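Colleague: Chains as they are written, first to last, in our numbering: chain E, 441 to 535; chain F, 206 to 699; chain Y, 1219 to 1718.
Derived by calculation from the structure, the hints in this document are not laboratory data.
A quick note: this is a predicted structure, and the numbers were derived from the prediction, not measured.
Note that the Cβ used here is the ideal one computed from N, Cα and C, for glycine as well.
There's no promise every hint is true.
[Stated by the list, open to error] Short, incomplete list of chain E residues facing chain F, as computed with Cβ under 10 Å:
1. 453
2. 462
3. 492
[What the hints assert, rightly or not] Here are the computed distance ranges between Cβ atoms for each label pair:
4. E:466 to Y:1398: 19 to 29 Å
5. F:484 to E:463: 44 to 54 Å
6. F:302 to Y:1604: 26 to 36 Å
7. Y:1493 to E:445: 43 to 53 Å
8. Y:1493 to F:547: 50 to 60 Å
9. Y:1493 to E:453: 50 to 60 Å
10. E:465 to F:547: 24 to 34 Å
11. F:496 to E:445: 53 to 63 Å
12. E:453 to Y:1230: 33 to 43 Å
13. Y:1228 to F:547: 11 to 21 Å
14. E:465 to F:356: 35 to 45 Å
15. E:445 to F:302: 42 to 52 Å
16. F:546 to Y:1222: 33 to 43 Å
17. Y:1528 to F:631: 51 to 61 Å
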Amino acid sequence: MSIDLQTVKKIASLSRISVTDAEAEAMVPELNNILGWVEQLGEVDVTGVQPMTAVIPNHQRLRDDVVTDGDVRDKVLANAPQAEHGFFAVPKVIE
Amino acid sequence: MGELTDLTVAEIRDGFRAGDFSAREVAEGFNANVAAAKALNAFIVETPEKALAAADAADKARAAGEPLGALSGVPIGMKDLFCTEGTQTTAASHMLEGFVPTYESTVSGKLWSAGAGMLGKLNLDQFAMGSSNETSYFGNVISPWRRNDGGNAALAPGGSSGGSSSAISARLCPAATGTDTGGSIRQPAAFTGISGIKPTYGRCSRWGIVAFASSLDQAGPMARTVRDNAILLEVMSGFDPRDSTSLDLPVPQWEANLSSDLKGKTVGIPKEYRPDGLNAEISAMWDRGIEWLKDAGAQVVEVSLPHTKYALPTYYIIAPAEASSNLARYDGVRYGQRDLPDGAGLQDMYAATRAAGFGPEVKRRIMIGTYVLSAGFYDAYYTQAQKVRALIARDFELAFEKCDLLLTPTAPSAAFALGEKQADPLAMYLNDVFTVPASLAGLPAMAVPGGLDSAGLPIGLQVIGKALDEQTVLNASLAIEERAGFTARPDKWW
Amino acid sequence: MTESTYRIQGATGEWEVVIGLEVHAQVTSNAKLFSGAATAFGAEPNTQVSLVDAAMPGMLPVPNRECIRQAVRTGMAIEAQINKWSRFDRKNYFYADLPQGYQISQLYHPIVGEGAIDIVLDEKNPETSTKRIGVERIHVEQDAGKLMHDQHPTRSYVDLNRSGVALMEIVSKPDMRSPAEAGAYLSKLRTILRYVGSCDGNMDQGSMRADVNVSVRKPGEPFGTRTETKNVNSVRFVMAVVEHEASRQVDVLEAGGKVVQETRLYDPDRGETRSMRSKEDAHDYRYFPDPDLLPLELDDAFLEECRQSLPELPDAKRRRYEQDLGLSAYNAATLTADADTARWFEALLAEGARIQKKSEGEVAKASANWLLSELYGALNRLGKSLDESPVGPEEGAELLALVADGTISGTIAKQVFEIMLETGGRAPAIVEEKGLKQTSDTGAIEAAVAKVLADNADKVAQYKGGKEALFGFFVGQTMKAMQGKANPQVVNEAVRMGLS
């Protein structure tokens, strides 16, 4: 599977990273090089192998249903590029 | 006694307790070294006042006869991937420039609670993605080491914990934190002639550490001696209910149980780690390591880890996939940089912010990760990689039926020059060939220096242990350390 | 089982509509799914947000047991397969209400598998008009935050209070064939959730909302292309969406066009759906298992507790009301349609049986009739809901007991009830104070009857001439003379005697 300029642009868009045409073009061989290399995994026989889910055997713990957090608006908004009236502000979204 | 800044963590701890010197003297000494080492660019933020405050608190506690923490009087460096309350945390990215956490990571919090003081936030590869510390937005970290060829080529300190490795080997701090996703503690340790251990996945809480690849990221200490690593690891480890992947197990007394007597232990030598064309000096060092472990009483057997050659490609699917998702939160809305071109809508703002906030290597990995998870490719790449990962873990399990630990090289070469591999991402990735398999299997692994190569640069060995058996890893590393007698240090040029 | 005969008449013939619903139900819990922040409705913006909910760097999720438990109990209530091994996946997309850049959900291994819900299409004949609607799965996921667009001319504001609140997504099979079926399914699902206590079902507060999948086809043909209308928040709107969307699709197809698979939005003011192009952008969610979480493994003890804690469910209750309590099918259906109503009714029954020293079956009919006519009528008039009723089950039972033991008549009971509603007083005290106790004093009643008969000699003659319907008139006049306080049975007897 080799990717072309269109695909690179599509991935960039999915990743929400704006790229110039020149940047995208430079990425085509770069990404193809890496993807071509990882594709050697295809040759491994994985018949009957379950994909790994937890590296070290461990159980998912569950929390009690108790309010232990929140009410820290100042901390939540402290680093916001733009916060107004207790909200984060973003460019107007038209739905 | 020589310089206080030449002391190990254990020596500082014990000397301070004995009243040989004050914690303030130690902190001042390291603060001075840090201030004088700008040329290494090891720190993104220096916090001498924090080091002094912790030292003064330690001195006061000692004077008052109050109980002292395990690290009272010891200043350390903190990799700038750990969120530190009130101190800028950037992950070496433009994206997080100016981000001041309102919270403290679990691991850094444990260290401060144990009495350690913070000398500053250490430089690293951006979002911990890199093997040479050339991807930091805040500039390259320079290794204090130079080749003995008379040239002054600036060398890589390794990555991603390159600020940590450079600072420790240059005596800017006696120890530092690192994080290791595919070798980011071990490879920089090897490049700079120090030790570092990545514990079993789940030993150290990931809460408050800027995430790279969640199923691989593990924090660990870096220091000049095995004992120092044991001391720090005891403080950094422990169950954290805020991290679902944290192991709910007591923390062993690794320091107290240090022993370089390896009688009864069997060391496995994985034959796949000696490919054709392995650097001769690395190969020779490995052979020396085998002899040292035999000398310490261990048996040596050859073992096979047949899927080793697939470890890197597996890693370069799983880590970017997780990273592409973990880094989606950097969108310019709640913290960090925002790039808002005139008239831009929300999605344009995201794309512009992320284009400006991430460096090329981070973008490359996000895009690879996005691609391998995208519709139609998920099974071929990601699912296949997780299956191969299971096979790699099984290789280790089978090998550990025949032995108690594995001995391998840490990196395929000594430190390379800055810029040498930057043009070719793949060549850079290959640096992690010996460290990535243990990361994929979540196993504890330690880098320990073995000697200098013909260019006068450190080369080291890696000890890999069974899950949860950090003790054997530390003990074997100690046996190597005692026999290698590694005392070389870089000449001060900075 | 009943077959729907709902058809849309198009120019080219009849069309059948095919409907599936994906219902998002907010799980009733104190804290969020993966953080300890509160879930209460209506708090100040961003005050119920933890650093985890705001997706600060390095923050990690830890699941809330109660949210898992409620999803399992809900699954059990629809007789679904419970998966002892499930897993959380990340659904990746960028939006300002989604701080992590992904929603933690369950795509590949949901916690609840296939189940079913029986809907009733004719409440008078519940047993003969049911249809079984398949449920594909239930999974647990995080809610997003909220965007406000009307606070600033050029900016939208982000409130993360809802960010991370637990939702169950309950996905039906495409088994519905009419707006009525879709409405009945959503109502029934809401009933079940409220019985189980896993969701409060408040659709106006957004605790429950449905994504409505609609397609049309000629009967017998394969499924057509569907559209998904998002976030529809009432039963009525769901029915309207189906109706509108089906006829829109028929128009498109009959004009030679194609239905586009897309996300649409319902505009209740205009009663129509429109395309939501802004979210069409990229539908590649790149799902993968969340590496911050381990697989969720449920043990037998956990499942047993979930099962044990389930209440009697609406269908079982309805059947019991009919069979054991002897209620009419309609009354049984009405009383069980809502958990609160059934709870109120059962409290009334229990109290009635206790005061009257009778079985619940013996007091059931009168209790049901009173609740559904008298109490509901009064609440309707007052514009109040059952839980705001000024008269509680205990007070109601006291009132009914006074009727049952003959202390007051049904007519007087209505007066007493009005006074109770007004004053908050209790029936025995009101009857006592106002002297409303009915009399069985035969002498007084006989005297009253004699007077009525004497005053209405003409009617007595008519009665005796065969106009037996006048019997009621004499009883009524006697009751009136006795100010309603006479025991009707004694009056009946006395009138009969007087006329014979």
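Colleague: Where does the structure disagree with the numbered hints, that is, which hint numbers, in rising order?
Modeller: Of the numbered hints, 2, 4, 5, 6, 7, 8, 9, 13, 15, 16 do not hold.
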